[in-house]
Structure formats: structure tokens, C-alpha cells
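A.B. asks: Let's have the full structure, built from the sequences with the hints guiding it.
In case you want the letters, here they are:
Number of protein chains: 2
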Amino acid sequence: MAQVRNKQILASGYITGNPKQTDMYLKNSTITLQLPLHASSETVLVKNLVLSCDPYMRGTKRTDRNSLFNSFSPDSPIVGYGVCKVLDSKHPDFQKGDLVWGITKWEEYSIITKTDSFIKIEHTDVPLSYYNGLLGMPGMTAYAGFYEVGFPKKGDYVFISSAFGAVGQLVGQLAKLLGCYVVGSAGSKYKVDILKSKFGFDEAFNYKEEQDLDATLKKYFPNGIDIYFDNVGGDMLEAALVNMRRLGRIVVAGMISQYELDEPQGIKNLVNIVYKQIKVDAFTVYDYYHLYPKFLDTILPYIREGKITYVEDIANGIESGPAALEAMFTGKSSGKQVVLLAHE
Amino acid sequence: MAQVRNKQILASGYITGNPKQTDMYLKNSTITLQLPLHASSETVLVKNLVLSCDPYMRGTKRTDRNSLFNSFSPDSPIVGYGVCKVLDSKHPDFQKGDLVWGITKWEEYSIITKTDSFIKIEHTDVPLSYYNGLLGMPGMTAYAGFYEVGFPKKGDYVFISSAFGAVGQLVGQLAKLLGCYVVGSAGSKYKVDILKSKFGFDEAFNYKEEQDLDATLKKYFPNGIDIYFDNVGGDMLEAALVNMRRLGRIVVAGMISQYELDEPQGIKNLVNIVYKQIKVDAFTVYDYYHLYPKFLDTILPYIREGKITYVEDIANGIESGPAALEAMFTGKSSGKQVVLLAHE
Numbered sequence: 001m002a003q004v005r006n007k008q009i010l011a012s013g014y015i016t017g018n019p020k021q022t023d024m025y026l027k028n029s030t031i032t033l034q035l036p037l038h039a040s041s042e043t044v045l046v047k048n049l050v051l052s053c054d055p056y057m058r059g060t061k062r063t064d065r066n067s068l069f070n071s072f073s074p075d076s077p078i079v080g081y082g083v084c085k086v087l088d089s090k091h092p093d094f095q096k097g098d099l100v101w102g103i104t105k106w107e108e109y110s111i112i113t114k115t116d117s118f119i120k121i122e123h124t125d126v127p128l129s130y131y132n133g134l135l136g137m138p139g140m141t142a143y144a145g146f147y148e149v150g151f152p153k154k155g156d157y158v159f160i161s162s163a164f165g166a167v168g169q170l171v172g173q174l175a176k177l178l179g180c181y182v183v184g185s186a187g188s189k190y191k192v193d194i195l196k197s198k199f200g201f202d203e204a205f206n207y208k209e210e211q212d213l214d215a216t217l218k219k220y221f222p223n224g225i226d227i228y229f230d231n232v233g234g235d236m237l238e239a240a241l242v243n244m245r246r247l248g249r250i251v252v253a254g255m256i257s258q259y260e261l262d263e264p265q266g267i268k269n270l271v272n273i274v275y276k277q278i279k280v281d282a283f284t285v286y287d288y289y290h291l292y293p294k295f296l297d298t299i300l301p302y303i304r305e306g307k308i309t310y311v312e313d314i315a316n317g318i319e320s321g322p323a324a325l326e327a328m329f330t331g332k333s334s335g336k337q338v339v340l341l342a343h344e
Numbered sequence: 001m002a003q004v005r006n007k008q009i010l011a012s013g014y015i016t017g018n019p020k021q022t023d024m025y026l027k028n029s030t031i032t033l034q035l036p037l038h039a040s041s042e043t044v045l046v047k048n049l050v051l052s053c054d055p056y057m058r059g060t061k062r063t064d065r066n067s068l069f070n071s072f073s074p075d076s077p078i079v080g081y082g083v084c085k086v087l088d089s090k091h092p093d094f095q096k097g098d099l100v101w102g103i104t105k106w107e108e109y110s111i112i113t114k115t116d117s118f119i120k121i122e123h124t125d126v127p128l129s130y131y132n133g134l135l136g137m138p139g140m141t142a143y144a145g146f147y148e149v150g151f152p153k154k155g156d157y158v159f160i161s162s163a164f165g166a167v168g169q170l171v172g173q174l175a176k177l178l179g180c181y182v183v184g185s186a187g188s189k190y191k192v193d194i195l196k197s198k199f200g201f202d203e204a205f206n207y208k209e210e211q212d213l214d215a216t217l218k219k220y221f222p223n224g225i226d227i228y229f230d231n232v233g234g235d236m237l238e239a240a241l242v243n244m245r246r247l248g249r250i251v252v253a254g255m256i257s258q259y260e261l262d263e264p265q266g267i268k269n270l271v272n273i274v275y276k277q278i279k280v281d282a283f284t285v286y287d288y289y290h291l292y293p294k295f296l297d298t299i300l301p302y303i304r305e306g307k308i309t310y311v312e313d314i315a316n317g318i319e320s321g322p323a324a325l326e327a328m329f330t331g332k333s334s335g336k337q338v339v340l341l342a343h344e
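Those protein sequences? They're chains A and B, same order as listed.
The first sequence begins at 1 in my numbering and counts up one residue at a time.
The second sequence begins at 1 in my numbering and counts up one residue at a time.
In short, the hints are calculated from the structure, not lab data.
Be aware that one or more of the hints could be misleading.
Each pair may be met inside one copy or between any two copies, as identical chains are not told apart.
[Claimed, not checked] Below, simulated DSSO-like cross-link-like pairs (lysine-lysine); rule was C-alpha separation at most 27 angstroms, straight line:
no., residue 1, residue 2
1, 276, 294
2, 47, 7
3, 294, 176
4, 114, 176
5, 114, 276
6, 20, 294
7, 218, 208
8, 218, 85
9, 218, 268
C.D. replies: Given below as C-alpha cells:
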């Protein structure tokens, strides 16, 4: 059978910290669009339609980091989430023509031998790219973190850092739908405006323009914070600890401000958790994937009714992948960052 | 009706930080052992039998501290837990002759108008002083913290700081009864020996003799810690964070190392909660008092069967109260510190 072109994005070497465009390069390979006869029984050949840029896609020096997989191996395609179409399959659960989302590689076509992350896409009346964000891993992170870890209730005062991120957007909208008072922080006036106008946040602020985060939070939460959905750690966590209410919950989805530091920042206000009986709970979405059907049942109707919306930054073509990934880490993406390779 | 002597221990002035003997003084007052006719409908006159010395009995500069009551007001009797006998009562739930435990005052006889903390003692086949410790607020703290906050399971690796304290003793024994591996830290060889010989801890160490707490915990927990029951905060919390296992739980009952500091210590290893999806949960026993009957049903049989034991340091006579309280804060008490005033 004839071979076709297979453009790939590969890592130049080992990456430490946040990846830059220059850490990756394009390679023009070829591939046969049929699985070899000897392919193992769970192997699937896919066409990658949309690739996902996510904050976990970074090198780490920390050996104690619990990573399910490494996105970067020298001269190998970047590994990450994507939406794919099955072209050939030895796996009993996936047939030619199926749409799936899960962990794939940054190339036009991939042979995937480890398919445990694949979830078949049953609902195609929403943008397929949503399965990289709102309806994929970030969406599940928002849902599990808010409902299963945050124990939210109507009327709660909710603060979300990195609120414009792939996770924060949904957390804020879920909180509003429940009847919470919601404030978000983000890194630009553009993002702050969208948080309020499109996502219905009660308030939002640009953390880069604030001198004293403690005072800022006191201004927006004169009665204190019930739930802090923390994506950043560091100074924002410090300020939030001071402003939490009794029995408050800090849901830690990430501490992106800390990963690049040689020595992590000391958090001085931790003793507040004793004074105010606060729960600080870090979690990983992988422990909650069994809730995915329930999640879809909850979110899909909201999307169809226009009650939940989502902002994506769609880069076009696999060549734009490295710049898109760098943009996500530097806060330049204007929405959940994805890379569109093909519509079908 | 004739008046009788009523020795009292009063606070000399406002107390900041840990109380010293010299912050209190003895006063010989008198009292009539009958409630006045005009006493309000919930008032109770009690004879104080055993008074309790507990770590919350300290002055604090912090305005955000959530205290249910203040133990020290100038020239007023110290306020704290005690076991009492009812001598006269306007309260429908308490009759003359009843034994109760709850918040009373450091004096031989007290008129208590705020009796919401009082719990009637139904089981007197155990030492009455236990209702200040093992069967009182510290015991409930251990029980609620271990079971309701720690989510323990058989085989868990459990570390308890201040393990010889009024709370730690019981946490360790509950963990052993469940089939956990239990290590405790304490501040003297005497305490370490009792933790192992009497309470059945698998291991125990004197934290004052350890130079590198991280290495110490690695030695005792080569596979890591599932539950850290934290009574101290600070350096021990820092070391525990590094040694927690994935999905570990840090149950924060107190951070006694931090209360005296002008500026709290920065906790640098907090980012570990993200790497390992750790839950840090501070709690107060007051949110779990509805479980008290269930607690008694669990603990009383263990006491009767000798499966749970308790070490008390019993100071004799109200005059010994100030020294006993200071001893508890300086780690000199050889067991849960109580002050015995009368047997009945």
C-alpha cells in the first residue's frame, strides 16, 4: 500500500521547564495508512484532527512528580491529548471511522499501541475541539475539582485564579450555575473583560496590576472566601489563605507559579488553616475519570442551551504547534489553546 | 444559708502566648452552695472535681483566631474543661447529683450560666478524669480527626507528631487497632519508651535528638506516609510533606510550633501536595460533637477490655493548677495533664 506524508513535531532534546518553540522541530515523515499484520491486538491507527496544549506539557526536574507520561523525549513526537479519527484498528472497542479523544502524538497520523486513555466520542453536535478542553481532561478537572473536592453550595463565595484557563472558565460557569458569587483573576484586561461579559463572573481582576493581593481579595471578598480554586500557588495562595472563611476549601488543581522555581516559595500563612479549619485538597483528574459519563450528562445540555460557553484559541496546521504551546505557557493564548490539523 | 470556702485560680492580667505560673494567682473566696432564687433558667451550680489543662488554653494576638472562648480574663477564674458534680440546678436536663463534663472555671465551686457545653456522664466504671482526656474533648479530637478527616484504612502508614499528647495517645492506639503501621514523635526518651511499650506504636523517636527530620522520616517510612496527624506544624510538617505518599492525608489538629512566632514559618514543601495529590485538612472537634455517642460506643468497650489505655499526669489540689498548666506547655507533663480537686 502507498505511503502518505506524515508531518511530525519532535522534541529537540530533553526539556526542562516550560517548552519554547525552539525546543521542537518539524519533520516530514511518511506512513502507510494501514496497520501492519503483526500489530498487537490493541493497536489503533488514527488521523489526528485537533491537538491540545495543556499546562502539564513541560519538562520537570522533580523526581517526585507523579506524571502519567512524559510529553517530551528527544527526537520523538510530542505526546499529548488530541481528538482523532480511527483509520484502522486491532482493538475490539474501536472501529474504523470512530472518533476518539485521548493521548496521541503530535503528527498527522499516529499508530497508538497504548490506548487505555482513548474515549469514544458519542456526541458530535458540539465542536470536536471541545473534547480537548471543555469536554475533555480540563473540563473533567474543573468538574471533579469543583464538585467532588470543593463541596460547593449555593451562595458560596468562590475565587478562581487563572480563571481564563482551560479549567478556570468552566469552574466559574459551574459556580455561577449553582448560585455562587464568583471572582476570577487573569493576566490581561482582555481576559478580565471576557470573564465578566461572556462567562458571567461577578467580578474579575488583572493580577498583574495589583500591588497587594491581600488587599485586592479583601476588596472583592469583604466577607471572605468559601472556595479558592487554585491553579497558581505562590503569592495568590498566600493572599487567599488570609482571606478564607471558616471551614473554607482550597481546591488545588495546580501551582504553576512554583514549578519553575529552583527553590519553592515558602507559604507563611498556612497556619490559617488551623485558625479557620480549612481543607486544602490537591487532586488529579485521573482519579475521577469514572465520573465522565455523569459529567457529559451534566455539561452537554448546558452547552446546547447556551448556558455554558467556551473560548478557544485555535492555531491552524501542525506547523503552528510549537508556537501555540509556547503561547499557552506565556499567557498569550486567548482561550483554551488547541492546534487544528484537519476537520475530518 | 452558710457560705463555704471557694479557692479560685485567677489570671493576673491579659496573657499573650503560653501561660506561666506567674500569670495566675490563688484567691480565697466564699460561695453559698445554693443557686439564688433569681438565677436564670439554665443555671447550674457545680462542684469541680477534675480540671483539664489543654493546649488551646493560651493567649493569642491573632484576631483571626477562631476561639470558642477565652481562658484568661484579668482577675477572673481561668476557664477550661472540667468534670463536675451538680449541686443545684435550674436546668431541666441536669439534676442535683449528676456528673457532667464541659466548660467550667478553675475554682472549687462554680455557678455556670452557659451550660451548652455540658454533657452528662453516664458511665462511671472508668476514671472520671478520663472525661477531660480520653473520653472528653481530646479523645473526640483524636477520633474525629483520625476517622472522619484521615480516611484511614488497614495497612496505612501513619505518623503522629506530639504522639504522647492527650490527642496523640488515642490516635496511635486507634490506628494500631485498625491495622496500621504507626510511628510517633515525642520530646523525651521517657515518652518514646511509653509510646512503644504501653501504646503499641511500631516505632517512636525523640524529635529533639534528630538533626534532619526528613532523613528521620525516610528511615521510619521507607515507603512513605499515608496519614500524617499533625499537632505541631513547622519543621515537622515540612519534613512530612516530602515523605507523604500519593493521595496521602495530612490531618491538622494543631500547629503548636507556630503560635508563639511573631511571623509564622514559611512552608516551602507545600507544592508536594500537587505532585502527590495530598489532602491537608484542618478541623475542629466542635464540628463533630454529634458523633459523641458513637464515639463512646466505640471507645468504652476497648477501655474495659484493656485494648485502649491512657496515661495521665494528675496534679493534686487547685493550688497546683498554674504549675500543671505551665508544665503542659513546656512538655514536662508525663501524660494528659489534669488537676484533681475532689473525688466526689
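A.B. asks: None of the hints should be skipped; say for each whether it holds.
C.D. replies: Hints and how they fare:
no.	hint	in the structure
1	276 <-> 294	between (33 angstroms within a copy, 26 angstroms between copies)
2	47 <-> 7	within (12 angstroms within a copy, 86 angstroms between copies)
3	294 <-> 176	within (19 angstroms within a copy, 38 angstroms between copies)
4	114 <-> 176	neither (38 angstroms within a copy, 41 angstroms between copies)
5	114 <-> 276	between (45 angstroms within a copy, 24 angstroms between copies)
6	20 <-> 294	neither (37 angstroms within a copy, 58 angstroms between copies)
7	218 <-> 208	within (17 angstroms within a copy, 40 angstroms between copies)
8	218 <-> 85	neither (49 angstroms within a copy, 48 angstroms between copies)
9	218 <-> 268	both (18 angstroms within a copy, 25 angstroms between copies)
Violated hints for the displayed structure, listed by number in ascending order: 4, 6 and 8.
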